[in-house]
Amino acid sequence: MPWNEIIIAIAILTGLGLLFSVILAVANIKLKVYEDPRIDRVEELLPGANCGACGMPGCRAFAEGVVKGELNPGKCTVSAPSGIERIADYLGVEASQEEKRVARVLCAGGKNEAHNRAHYRGTLSTCRGESVVAGGPKDCSWGCLGLGDCAEVCDFDAILMSEDALPVVDPEKCTACGDCVEICPKDLFTLMPVGQRLIVQCKSLLEGDLATDRCSVACNACGRCAADAPPGLIEIRDGLARVNYDLNHLAIPDATKRCPTGAIVWLEGEQQFALASEPELPLGRVDEPNYDQDTYYQ
Amino acid sequence: MKEVDEIPQEKEPGSAAMIATLGLAGFLSGVILVSVFLYTRPIIAENKAQALRAAIFEILPGTEHYEAMELTDGTLKVVEGSSDEENVVYFGYDTEGRLTGVAIPGAEPGYQDLIHVIYGYRPEEGVITGLKVLESKETPGLGDKIIKDADFQSNFDALKVEPTIEVVKKGEKNSPNEVEAITGATISSKAIGRLLQLSVEKWKTPIDEYLKGDPK
Amino acid sequence: MKTEESINGQAAQEFLKGLWKENPVFVAVLGMCPALAVTNTAINALAMGLATTFVLVSSSILVSLLRNAIPKQVRITAYIVIIATFVTVIDFLLAAFFPDIHKALGAFIALIVVNCLILGRQESFASKNRVGMAILDAAGMSAGFTFALLCIGIIREILGNGSLFGMSLFGAHFEPWIVMILPPGGFFALGFLLLTFNWALQKRKARSTARTVETERLP
Amino acid sequence: MNELIWIFISALLVNNFTLSLFLGLCPFLGVTQRLQTAFRLGLANIFVMVITAIASYVLNTWVLIYAPYLRLISFIIVIASTVQFVEMAIKKLSPELFKALGIYLPLITTNCAILGLALFSTNKGYGFVEGIVYALGAGGGVTLALVLLAGVREETKVLDIPKLVQGTALNLIIAGIVSMAFMGFAGLFASH
Amino acid sequence: MSRPAMTTVSTSPYLHDTATTPKIMWEVVFSLLPMVAAAWYFFGLGAFMVVFFSTMGSMLTEFFFTSGDRWKAVRDGSGLITGILLGLCLPPGFPLWMAFMGGVVAIGMGKVIWGGLGQNVFNPALVGRAFLQAAFPTAITTWSPPDGGWFSLNSGNAAWPFMQADHVDAISTATPLSQMKFEHVFAPTSDLFLGNIPGSLGETSSVLLLLAGIYLLVRKIINWRIPVSILTTVAVMSAIFWWIDPKVYPSPDFMLFSGGLLLGTFYMATDLVTSPITPKGLWWYGFGIGFFVVLIRLWGGLPEGVMYAILLMNAATPLINKFTRIKPYGYR
Amino acid sequence: MTADFKISTFKHGVHPEEFKHLTDSRLIEQMPFVDEYVLPLGQHIGAPSIPIVRKGQKVRRGEKIADPGGFVSVALHSPVDGIVKAIELAETNTGQMVQSIRIQADPYSSQIFVPHPPTPYEDLSIDEFIRSVQQSGLVGLGGAAFPAHVKFKIPQGKTCKYIMLNGCECEPFLTSDHRTMVEKPDDVIHGIRILQHFVKAEKVFIGIEDNKPDAIKVLREKASSSGLPIEVVSLKVKYPQGAEKMLITAILNKEVPSGKLPLDVETLVSNVSSIAALSEWFQTGKPLIDRVVTVTGNAIRQPSNLRVPIGTSMNEVIRYCGGLLTQNIRLLLGGPMMGLVQRSTTIPVVKGTSGMLFIEEEKIADMDAYSCIRCGRCVDACPMFLNPSALGMLAKKALWEDMEENHVMDCFECGSCSFVCPSHIPLVQSFRVAKGILKKRKASELSKA
Ligand SMILES: Cc1cc2nc3c(=O)[nH]c(=O)nc-3n(C[C@H](O)[C@H](O)[C@H](O)COP(=O)(O)O)c2cc1C
Ligand SMILES: Cc1cc2nc3c(=O)[nH]c(=O)nc-3n(C[C@H](O)[C@H](O)[C@H](O)COP(=O)(O)O)c2cc1C
Ligand SMILES: Cc1cc2nc3c(=O)[nH]c(=O)nc-3n(C[C@H](O)[C@H](O)[C@H](O)COP(=O)(O)O)c2cc1C
Ligand SMILES: Cc1cc2nc3c(=O)[nH]c(=O)nc-3n(C[C@H](O)[C@H](O)[C@H](O)CO)c2cc1C
Ligand code: SF4
Ligand code: SF4
Ligand code: SF4
Ligand code: SF4
Ligand code: FES
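Protein chains in written order, with my numbering: chain D, 320 to 617; chain H, 2 to 217; chain E, -7 to 211; chain U, 2 to 193; chain V, 79 to 410; chain S, 136 to 584.
Just so you know, these hints were derived from the structure itself, not from any lab.
Possibly wrong hints are sitting among the right ones.
Stated by the list, open to error - Straight-line distance between alpha carbons at most 20 Å, and here's what the computed EDC-like set of lysine to aspartate or glutamate pairs gives:
hint: 1; chain 1: S; residue 1: Lys575; chain 2: D; residue 2: Asp557
hint: 2; chain 1: S; residue 1: Lys531; chain 2: D; residue 2: Glu501
hint: 3; chain 1: V; residue 1: Lys400; chain 2: S; residue 2: Glu164
hint: 4; chain 1: D; residue 1: Lys419; chain 2: D; residue 2: Glu383
Unchecked claim - For each label pair, taking beta carbons as the anchor points, the in silico distance ranges come out as:
hint: 5; chain 1: S; residue 1: Val207; chain 2: V; residue 2: Arg403; range: 29 to 37 Å
hint: 6; chain 1: V; residue 1: Met84; chain 2: S; residue 2: Leu363; range: 50 to 58 Å
hint: 7; chain 1: U; residue 1: Phe129; chain 2: H; residue 2: Glu87; range: 12 to 20 Å
hint: 8; chain 1: H; residue 1: Ala52; chain 2: U; residue 2: Lys125; range: 48 to 56 Å
hint: 9; chain 1: V; residue 1: Lys101; chain 2: S; residue 2: Phe206; range: 23 to 31 Å
hint: 10; chain 1: V; residue 1: Val326; chain 2: H; residue 2: Glu87; range: 45 to 53 Å
Note that the structure is a prediction, hence the values are computed from the model and not measured.
Using N, Cα and C, we set each Cβ at its ideal position, and we do this for glycine too.
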């Protein structure tokens, strides 16, 4: 047996191991820097492949971004979906809870209710694009142009365009990020607490027939809702019914009953979604809801 | 989800644990590696030697055994085992102990990277008797014809090194010191030519001197 | 308490995910260097796959066994030592018993150490799971890796050399597409494989969504 | 001097680590979404490569002469620990530098290009200066490849790339085309 | 209430220049026809067939793989340019099936994958050509000399698909550039100028190329900065080395008129889509191409580097655009 | 360097066909009075005016009917003798419904404006002058309808070395400024005299494109006899020569820094017609109750230059000009390059209406759009030296922040880039969109902060 070689080999490796572990141990004590402990936790939940597929330089950097809220855990394409969920849940636990707000659309004049005044000819078929050309083809100059810029911009797929070419917000998916508020050229979105159920879905300042000539569901400022509602809740100002949400607790569906055009509505069912927080997920869930294979390849 | 909380909150490991772990890992790995190494070393050495032997027998026809010689301070000395490989050549002898030629390894940049070859050289006649490419990254199907192309290889059946080795286009060879290039791989062919020329220049004198001093 | 069946199911899942759903090459885009560098022939691809399998499975076992003993700060170094040991072992073994393959794979055997896939699996799986699961995971991942390498290797060898596992396919007059065994060919082969998979997935998705729409329409 | 230039050019262009030797592809395909990130990763790469060249020279000269077959494992231990140490040091001493470069270090430690550099330069028998020049060339080549790909990828954000192709598939094809373009450098300065 | 008649609205401006993208493309196609004719004249029918097959390859790919309006894509003429240019940078005896495949790769990998016209980063014709060069290096460097027969077909042309060409009649000659590189023989400039030399189909006649280039410049289809900077860089750099050692290094006029430099300069480097858009960027781009051409020609392993130089600078174009932003009015 | 031989211009820009021959030799006619006038309260940039009349109230021609709604706002006057019929929402040229005063003309009135004696402007203090201009309802007639008095008030610490009169009228088709210069050169010169009295500039330039030699000639004659430091500069015909930044660059060879005003390069730019109107206010007391409008295009029977009372319905203008040649037309307010397309012809002429352009719908070719081929024509056209190609591609992907970084906010929407783009990419349109979103974002950030 060439003991000599054996001893050298073992000595070299043990020596290197010891040497560097000492260096690292010292460094670990001397060069310690405080960091948010959640970063470690998230890093642990990540695959640790340091592959960079998320666009960040390594898992730790990604974890930092996630903890800071700058990144979506879903950007990690290597992690199994359940892992991503766990991270989201881990961080979600610490997120503060207030009443959920959602985006509401203040126009009900889809293509069947509100007609166009002009043909638009052009290759930029977006609401924004049309709105800079004579304010858009729609006769009602406040109304939704129906080309779905809002649906396009929503990162959470919370907006779908209805057959009537009107956006429909899914309150469950909406995170009140405000992107749709920003994009809509007609300023038709507002973010409001889900508890506000009495909504005037019209922004037209025209009164009477002038309003309803342009759109069959416009608010014509007849004042019936204001009469039927508890005093002070609804006011007619500048040709439009306006709900005073400071008195929201007084709101009742009856106010909408006599509206001749249906411009004021009481949200119910799917559109309402009054639950303040999401229901508890079942423990140990490993299924993959809505998981999209395509995201793997992005 | 509650699962998260089940992940044990590790307490800060002490430095001693770190040092011990790595030291131990090094130790164990040393043990494993040295055992595998000792077990495979003779086999690998045998493989290598066999490959070398095969190459030498191929480029020095009639060789029965060979001897490694190292160039130190301008003179050739017999060496045992491995050594600085750049300066080692192999003297081949036939069954009767007559010199069949010298196998000389060499390397030169080709189209992609260094081309490593070993070639047989007969000092008495000043001819190259064969060439084997040991390693090349030349383009498969093009530059790597220097390995397989029979026409190209036949250049080195008896290539005169005097006055100098020249590379010419295919079909233009008309004297024994010329190498016919491979069409479409002129660069690789030229690299071989250059390699041989430089290598012969380097080795000719020491070999001649050695043979003069040691007439076998 | 989990039932036997669900454990089996989970085990099968751990193994299968590596083959397709979390395939290291096609999906996670890990271990790209060997996947492209040594896949110019099918046989090299297979050999590389098997060598990686050996290293991945053995080191996963060890890491999983030692997962509670290794301090956090030095875990990467410790894993690397483990991996490097196994790589050196397979390097010696190949050199001793398959010298040709050893030569063809060249430095890329040594580079298995730094194959992102292997360290990644230790970090994300073996160090957090029991040995059984770790083995299954490693085996699945290696199988997926080998499978992917083989796919690429087969394409590149057929097009770039007109042969498969060294057997000539199209006769002597075939004009090989040399580019396929050159570096760009590696990129192209994997690129077009991914393209094809995307296409197939999209097709399948289109079909399945078409079906759901139909069922929705039923009363 | 000529020799050094050849080593540099060869590692930078002719035998570009990423595009012709297939080393360090994971970050090449992963961390090239943004130009700035890619460039910094490249710089960090150069840095680690130089450290590696030094470390491997030290190991080769003073340690591994006794047991050359331990090369792989010794290299990897030394590189991994040194980089980890440097990372800690930078983090402590200069948080800005850490933000700019340091966070890329873990991504590189476990990267083929680094170990490849150590192994290749040992195989080629490079000395100290040659080793460092080789490291600079190789690191420069990796940076070049990273930056080129990142530039093109940033551009693809404004292009109408079909959905089918987006992502890795396109990156690979871009890499393939750039790699074909780099084939033009083959044999550069070799015959002179 | 009766509704007013619907009017039509669209965005300003309501006046437009007469140039349209298809018009520009077709004008380039027509300017290429003399080159095709010259190729036929110098090399015979085979040369035309090479151009024809590469064009068919690109047009068919364009048609079958374009998503969206495929007729519109085919009609705009840009695929035709790609096909013709690809054909023009292939050697005369090139197997037709390879030329066809080049067209497929050019459009498939160089254009369709990127989303069609205007979206590609690399010059499609050169992607095709680089692919062919890497796939079939022997075939693409087998040059037949100009032979003058109007209907002569080279036996290389007729190889079966996917099979090797057997060049029975191929008296493979060296192009002026490979003579320069491997034998240090420099062809006389007058031959280079008129086109009586072996080489790719479109590379041979400098006179025609110059005329076409001037036409494109005058019509403002191509940006003058690109040819000016490329040609200046090549001329200056080669002049310096020629002055150092005229035996080893070729003269500037040889460098300018040999190989694919003029074709590349006037038609390929200037491809609108794949060249930078900022004025300063165009200078850098041209300089880079010139520099790489000289580098590869003088010291590289390959005799010709125009294609690689352009592809490399194509890859750098997004970076160039980014770092040579135009300074807007009011920021100076 | 004598002024006579210098032909100045700016860099980049485009050369659209001019079509000025349709109206450039037609004298300005007075548009007859009609039954009803609609006067939107927000015809100008800035706060809307505040009505001071009630429904049913009688008003006289030239009587003030609305006060300025703030400093950046002007008064509004009745263009006719008549009765206020309503104050209600009415559609205007922006496509928006705006509060407007509707006046029923008195059919029995002679509608004669009784001139006041000239105001002795020399006696006014600068503040009185500014207030007086604000009361005259004068806004810039060059298109933007920016309250003129705001421009005339040189803020503390700023100096104004040059006054520059913009007589370029670079938009194709339009000739209203041209005719004003030719027919009312004295008003222009007198306006300069008044303004010069308060501003005291070193030099007054009148920039005129050299396709209006008659205007150049007559103004040069008048200028030389005026005793004022006026130089009439002949400018190369190039669009958008009339944009104030381009005008300044052409004449002074200076650039207005980004986000800054001409005053930052010590210059005051005003349209020639605005200055003529200024002179009228001080000489006769006539506020801005009418303006010259070029009615032109291939779809109107009688292209003309008309002096139209503000508030006249466009339908009436069409009727007066002999009607439309076809029903299928497109109406643009302003020129063809920057003009605003209209959805209907029932809107009033407002202070900013410099031209009404009727184009046959069939003559507007349907344009196939292609991807940007990066031909760089837009880059060579953009007078602001932007990169419309890059901006257009960013806009397509809704990358607004990147567009801001690429200076989209400096774009003044001249349309040169869209004009030259061979791929017919709706460049300006998407820049308007981007600017809209960015402005909205900034506003919401401000309100949050
Ligand atoms: C992809 C590719 C690979 C090449 N590989 C080699 C090679 O391995 N060896 C070589 O000498 N030339 C190689 N070449 C260079 C060309 O074939 C070159 O034109 C040739 O060497 C010139 O020789 P010729 O004068 O016989 O045509 C390659 C070219 C390309 C495009
Ligand atoms: C072959 C050729 C070379 C040119 N060289 C220059 C030149 O070196 N410098 C230059 O300013 N214009 C040159 N021009 C003119 C330009 O095309 C262009 O007309 C000029 O730059 C106008 O720029 P501007 O519109 O920004 O004023 C050249 C034109 C051609 C056709
Ligand atoms: C693209 C563009 C073109 C313009 N063209 C003219 C023009 O031809 N004549 C003009 O008087 N003003 C034109 N303007 C408006 C001027 O920039 C400037 O606002 C005006 O001359 C100032 O005078 P005012 O306030 O009296 O209108 C143009 C503006 C832009 C943005
Ligand atoms: C001046 C000019 C040069 C062109 N050059 C090329 C070329 O070299 N290769 C090519 O494939 N297409 C060329 N085209 C066509 C077209 O621009 C090209 O296919 C686009 O890259 C496709 O998106 C050219 C077009 C023009 C107008
Ligand atoms: S963005 Fe506004 S206008 Fe467009 S569809 Fe949505 S709500 Fe309607
Ligand atoms: S864009 Fe944001 S606020 Fe609007 S619907 Fe989507 S999630 Fe809600
Ligand atoms: S003019 Fe049009 S096609 Fe040309 S670069 Fe500009 S946007 Fe692109
Ligand atoms: S519209 Fe804007 S971007 Fe286009 S040319 Fe005019 S200023 Fe430039
Ligand atoms: S395998 Fe080489 S970097 Fe990942």
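Each hint tested on the structure:
1. Lys575/S with Asp557/D: violated (24 Å)
2. Lys531/S with Glu501/D: Cα-Cα ~17 Å, so holds.
3. Lys400/V with Glu164/S: violated (55 Å)
4. Lys419/D with Glu383/D: violated (26 Å)
5. Val207/S with Arg403/V: 29 to 37 Å: holds (34 Å)
6. Met84/V with Leu363/S: 50 to 58 Å: holds (53 Å)
7. Phe129/U with Glu87/H: 12 to 20 Å: Holds, since Phe129/U and Glu87/H (Cβ atoms, about 18 Å apart) stay within the stated range.
8. Ala52/H with Lys125/U: 48 to 56 Å: violated (21 Å)
9. Lys101/V with Phe206/S: 23 to 31 Å: violated (52 Å)
10. Val326/V with Glu87/H: 45 to 53 Å: Violated: the Cβ-Cβ distance is about 30 Å, outside 45 to 53 Å.
Violation of the numbered hints given earlier is confined to hints 1, 3, 4, 8, 9, 10; the remaining hints are satisfied by the structure.
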